[in-house]
Every structure is written in C-alpha cells, then in structure tokens.
Amino acid sequence: MMGPTRFLTIAGFAATLLAGTAYAEPVDLTVWHMEQPPHRVQRMKELLDEFNAAHPDIQVKQEPQSWGEVYAKAPAAFAAGNGPDLLFTIPDFTTVLKGINVVVPVDDLVKDLDSKHGFVEATLAPYKYDDHVWAVPAYNMAISLWYRNSVLKAAGVEVPKTWSEWQAAAEKLSTDGKSGIGLPANKQLYTDQTVYSFMVNSGAGDLYNDDGSIAFDKPETVKAYDFYSKLAKFSPADNSTWTWGEAEACFANSSCGMILQFGVINTYETQAEGDAADLGVAPVPHADDESASATISYSNAIMLTTKDEAKQNAAKVFLTWLLEPANYGRFLTMEPGLFLPVTNDGAKAESFWSDKTVTKYKSQVETMIANSQTGKLFGFTTGKVFPSIGAISAQNVIAETLQRVVVDGQSAADAARPGRRVCPKSPPNSGHAGERS
Amino acid sequence: MRRTFGQSLSLYGGVLVIALAIGLPFWWVLTGSIKLPKEIIQRVPTMVPHSFTLQHFEKLLQASDFPIYLFNSMVVALFSTAFTVLLALPAAYAFFRMEFPGRNALYKTILLAYAFPGVVVLIPLYGLFAKVGLIDSPVALVIVNVAFALPFSIWMMRSFLATVPREIEEAAIVDGAPTTTILVRILMPLIAPGIASVAIFAFISSWTEFLFASVLIVSDVRRTIPVGFAGIIGQYQIDWGLLLAGATAAIIPVVALFALVGRWFVAGLTDGAVK
Chain A
759 MMGPTRFLTI
769 AGFAATLLAG
779 TAYAEPVDLT
789 VWHMEQPPHR
799 VQRMKELLDE
809 FNAAHPDIQV
819 KQEPQSWGEV
829 YAKAPAAFAA
839 GNGPDLLFTI
849 PDFTTVLKGI
859 NVVVPVDDLV
869 KDLDSKHGFV
879 EATLAPYKYD
889 DHVWAVPAYN
899 MAISLWYRNS
909 VLKAAGVEVP
919 KTWSEWQAAA
929 EKLSTDGKSG
939 IGLPANKQLY
949 TDQTVYSFMV
959 NSGAGDLYND
969 DGSIAFDKPE
979 TVKAYDFYSK
989 LAKFSPADNS
999 TWTWGEAEAC
1009 FANSSCGMIL
1019 QFGVINTYET
1029 QAEGDAADLG
1039 VAPVPHADDE
1049 SASATISYSN
1059 AIMLTTKDEA
1069 KQNAAKVFLT
1079 WLLEPANYGR
1089 FLTMEPGLFL
1099 PVTNDGAKAE
1109 SFWSDKTVTK
1119 YKSQVETMIA
1129 NSQTGKLFGF
1139 TTGKVFPSIG
1149 AISAQNVIAE
1159 TLQRVVVDGQ
1169 SAADAARPGR
1179 RVCPKSPPNS
1189 GHAGERS
Chain B
81 MRRTFGQSLS
91 LYGGVLVIAL
101 AIGLPFWWVL
111 TGSIKLPKEI
121 IQRVPTMVPH
131 SFTLQHFEKL
141 LQASDFPIYL
151 FNSMVVALFS
161 TAFTVLLALP
171 AAYAFFRMEF
181 PGRNALYKTI
191 LLAYAFPGVV
201 VLIPLYGLFA
211 KVGLIDSPVA
221 LVIVNVAFAL
231 PFSIWMMRSF
241 LATVPREIEE
251 AAIVDGAPTT
261 TILVRILMPL
271 IAPGIASVAI
281 FAFISSWTEF
291 LFASVLIVSD
301 VRRTIPVGFA
311 GIIGQYQIDW
321 GLLLAGATAA
331 IIPVVALFAL
341 VGRWFVAGLT
351 DGAVK
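Residue numbers (this note's numbering), protein chains in the order written: chain A, 759 to 1195; chain B, 81 to 355.
Take these hints with a grain of salt, some might be off.
[To be verified] Keeping only pairs whose Cα atoms sit at most 35 Å apart, straight-line, the calculated DSBU-like set for lysine-lysine is: (1) K1118(A) / K118(B); (2) K118(B) / K930(A); (3) K869(A) / K1114(A).
[To be verified] To be clear about the criterion: a stretch of chain B counts as covered by chain A if any three or more of its residues have a C-beta under 8 Å from a C-beta of chain A, and this derived list gives those stretches: (4) 110 to 122; (5) 203 to 217; (6) 252 to 261; (7) 317 to 326.
[Said to hold, decoys possible] Here are a few chain A residues that face chain B, going by a calculated C-beta distance under 7 Å: (8) P795; (9) Q817; (10) E821; (11) A1007.
By construction, these hints were calculated from the structure, which means they are not laboratory data.
Built from N, CA and C at the ideal position, the CB exists for glycine as well.
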C-alpha cells in the first residue's frame, strides 16, 4: 500500500506535469519567404492559419521579404540574433548562409520526406554537399520555350527541337514588325538564366572543373554564346534592358513569336487571349549534336535556421505538414502555372490539379513538370559547390559576357575569355564548399 | 531687350521638349493606371487611353497592403520632416551666428557626412538598432532619415539665414531679446520659405528612402511604400496595371505637398543659393 509521503510526491509530480502541459507556451516559428505579391502572401496566410489551428502547440507566422534585400538582410539579422527560424532559399543563397554557420542540416527530415513523397532528384541535388542536406525542397521553377500554336501554324513552322530548327523558326516568325523570338541581353539574372539554358543544351552546363577552376571558355560555351547571339538578332531592339516582365509582355501582346520563360500562364490568362488551346510550351531546343533537351531550373527550398531544439522539432512538424499532398498542392498554386512540384506524389496531388488555372492549362503544366525534371543550375552540376558561384551570380558574369557579344559586337570566343578572368580559380582546400553526397 | 522670332521659337521649343521629356512619363503612368491590361501591354503604346478601368486601383487598395504602406510612409515622413526642421534650424543658426572653436571645421565635417554612402553603414547600423531593440520599428527609420537629411538641411538653412539683414537681429538684441526669441520670433518668420524648402526636401528624402527601410523593417505591416510596393509588383510575373496604379497613388501625397508649398521650395532654393 502506498504511504502518504509517496502518494503526495507522486500527486505533486503529476500535478506539476499537468499544470505544465496546460499552461505550456506554444512554440513560435517565424518564416521568412520571398513570395511578396499579395495573392501569395494571402495563400501562405491561409495555410499557416490552417496549420496553427490544427497544431495549437506550434504557431507559425510569416514575414515576407524580398530577394533584392534578403542577401544583406538575413546575415545582418542572424548576426543580431533576430533571424527567422525557417528561411526560403535558392541554392546559391544557401551557400551564403551556410558560410556564416546558421543553416542546420536536415538529413533525417529529408530522408523521411523522401521515403514518403519521393523528391525529384534534380530539386534535391543543389542542396546536397558537405555530407549533408541543407534545405528541404519546396517548389521548382524551370525555363521552357513558349509559343502560340496558331502563330507557328500560320508560319508553317513546327515546334523546334534543335538549334537549327529553332533559328529557322525564329527567322520565319520575324515578319510584319514582329520578333521571331524574345531573348534578353540585359546584365541581369534573367539573361544569366536564358544564356545558361542554351549552355546546358550545348554540353556546357558545368561551370567548374573538378579543381574549382572555371571552365568558361571551352568550345561548348562559345558555341552557346555564338548561337544565342544569332537568335538574339530576331529579338526586339530594346532587349538589352529586359527583365522577365518585359519578355512576358512581349509574348502577351504577340510582338514576340517565342520566348524562354519559367511561366507565362498567369500573364497569358489575365493580360492576353487566355486561350489554353493556343498556348504552346516545349523543352528548350538543344544543339544539333546533342541528343536531348535540358534546361535551367531553380529548386526553391526551405532552410532550418534555428539552433533551438524545440523550434527545430516544431519546424519539422510544419515542413512535414506542408509537403502532405492535401496541403502541398495549395502551397504550389499560390502561383499556379509557375511553381512546380518537387515530390512525386505532389505532382499527382488532387490539391494541385484541382486549381482552376492548373486545370485549364493542364497539358502545359504537365509539359513544364516534365521539363523541370531535366533542370540544372549553374555552379551546382559537378557534385561540388564552390564559393565563387556567389560572385558569378551576384555579378551576372554569364549575362555580362553575353553583352560583350550582342551589344559590343565581340566574337563569342573573345567574349568568353574575360569571363574566365572574372571568375578566378577557387583556392585549394578552402576553395570548395563541399562535395555532394 | 526684345527677343527675335527665332530666339523665341528656340526658347519655347526648348521648353516644350523639356516639358514633354519630364511630363510624358508621368502622363504614361497616370493614363496607364486606368487602362485595361491588354491595352497597357500593347506593342504600340496608346497615349490617350482607349479603355477605362479602376480595377488596378481596386486591387491595389483591397487586395494588397498598399494602404498600410501608405500610412506607414506618411507617419515616418512627417516625423522625419518635423525632427529635421527642428534640429536643422538651431544648428544652422549656431553655425551661422555663434562663435565657437572649430566652427568651420565642424560645418565642413557635417557636409562630408552628407556625401557618405548609406550602404556603407547599413550593417553596423543594423547591429546598433538590434542592440537597442529598434529593428522593425518606424523609430529607426525616422532616426536614419533625420541623420541623412540633416547635413544638407543645415547647409540650406544656413544659407537662408544669411539672407536676413544683420540689422534686424541687432535691433532685437538692443531691445533685449534673448537668442531663442531672436530665432523663433524674428528669424523664423523671415526664412519661412527656407523652412518650407527644408521640410519638402526632408519629406521627399524620407518618402523615397528604400535601402534602410528594406533592411531595418522586417514585418509586412510596418513597411513603407518603396519597399512594400517593390514586393507587390512581383519578380517573374509583373502585374503592370497594379504597378502603374501603385506608382500613381505613391506620387499623389508628394504632388499634393508640392502644390501647397512647392512655390516656396523653388523660391527658397534660389534665395538660399544667392547671398
């Protein structure tokens, strides 16, 4: 029989536990993402409200940021001790924050999620190095070739698959003051992306040699620049000032017969004809001597950036919830026709395909998803990640080299040489962030 | 001297070209904000709208946080303006009239501070404000705006003070007026255009400030217009109508301020420039 002292001790302990449970503060998580347009913020709010209601012990709040400032803002915030617990990222941003030791590896979580949902390998690869996985892929974006079926048909042009077919198509579509294709030549990220989508299709996808030196002026790269400059002649004259929006507008108002873009569906639907049957999308054509198309893709992911164990566990609960197919489709369709699934079951999720825009442009979205599976990203292709990729991205070295060809009139071979000088060899040992596992 | 016909033609032609160069972009933004999306992105822009819609303003005010950004900007700009004027006036008077060791050196140092690029002090300032708990606070923006507007404001204000005849101050001193009375009761009314000029300068500097507002403010509900608006526009997909409506709405307070006191601003600049 239990003595009074023992009984009181157990009762006291139980009471303490119960009281602790009853009055336990929920774990607060702050998410920084760069999805600032109002409809995306609204969709995130809906999802977070739903998660918070279903998980009273965890409260997640969003603080939308901008890609333009987050590279400076996030390191400052972490240094001051008020950084977020979860932070959206792209591969080169992860290397920046990993460099200041704020990113927590998510190997176990990714392993669990991979076994449940099956990550598309191309979305996971840019975050796997130094024997760890540094972020959980969230959505993918990949460049495709966009056109109007009616315009190609009227010009007697088939959807181009190779560069020679592509050039012939651009030439034929350049009539009545219209441009056969809209390609940017600005010293800006969009140009980096479009040029790289040529490079991966001429066998020049690897920017680095194994030792960290830049493999920039090799024949395949020169070939890509050379062909880009030929196609750019069929682009509007103001393309040296273009970003994504100008290219989309050029396509939406039918001034450009074809463009390379991550997605045009939203603009086409709201600012152009909105005729789903006429909107065409295809893989980026490849060089004649290559056998298949590839593209540039940005795997957007979410980093865990808190050292607090309770918050880390709460963040894992949240990320697991987010990637559940019932929720994940609604996350992706915050920008329907642009954000693509990173998981195999996400690509089949009812919550994704039931979105009215995705439903209307189903065949286009299917093609986009298929294209995204062949995606690569400059600096993240060789199995090693080198720190100088940050400088290459920040200084738009790829686009700057193109400007030398398209704007300054240099030969592609000459233009690629300074590009090599801009990107010095990374120092040995400390020179690489690590090998991909 | 009378102008010849050719001179008049050149003069008015030149004025017209400059007016068009300045006015056409504004006209395009204003008219674009009321066009339908298809017309906005037409290959050949229509200078006179063929369509009319308020859908972009509706979306701006109802589906985005633009009204909050507008309010935040107004609060930050008004406080920044008030503190800039309140500090610039006595500081300028001290530099202009009072004798103290190192006056000239300090005056030049202040102007040097004006030439200092803000981005250089961005990270240290972030750390400083984080330590005192001012991150994500409009107070931080007011402090930064005042700090950056003050050097030029002092310089402007000092030039205005120089236009006031010394005899007026001497008469007040003979009547026994202390320094503060001279400054507030005698000089302030006389340099009212100068104060208006400094106020407008401080207001516009604060209204358009982007760099610090983008880094020091974290939450969406505390953002000012330049930063909040940049986010609304989007990156890969641009809503041109929303962009133009936002640009139109953002310039209305500045235009209204200029309409009220702009005359003083221009007069003030020239008065202050010529002693």
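A quick look at each hint next to the structure:
Straight-line distance between C-alpha atoms of K1118(A) and K118(B) comes to about 20 Å, which keeps the hinted pair within the 35 Å bound. Between K118(B) and K930(A) the alpha-carbon distance is near 26 Å, which keeps this suggested pair within the 35 Å criterion. A threshold of 35 Å between alpha carbons decides the hint, and for K869(A) with K1114(A) the separation of about 33 Å falls inside it, so the pair holds. Residues of the stretch 110 to 122 of chain B with a Cβ under 8 Å from some Cβ of chain A number 5, which satisfies the need for three, so the listed coverage holds.
Note: the stretch 203 to 217 of chain B has 6 residues with beta-carbon separation from chain A under 8 Å; the three-residue rule is met and the coverage holds. With 0 residues bearing a CB less than 8 Å from a CB of chain A, the stretch 252 to 261 of chain B misses the requirement of three and the coverage assertion fails. Using a Cβ-Cβ cut-off of 8 Å, 4 residues of the stretch 317 to 326 of chain B lie near chain A, which meets the minimum of three, so the contact claim holds. Because the smallest distance between the Cβ of P795(A) and any Cβ of chain B comes to about 5 Å, under 7 Å, the interface hint for this residue holds.
Taking 7 Å as the C-beta contact cut-off toward chain B, the hint placing Q817(A) at the interface is violated, the least distance being around 15 Å. At about 5 Å, the closest approach between the beta carbon of E821(A) and any beta carbon in chain B falls short of 7 Å, and the interface hint on this residue holds. Hint on A1007(A) holds. Least Cβ distance to chain B is approximately 4 Å, under the 7 Å limit.
This entry does not satisfy hints 6, 9, going by the numbered hints stated previously.
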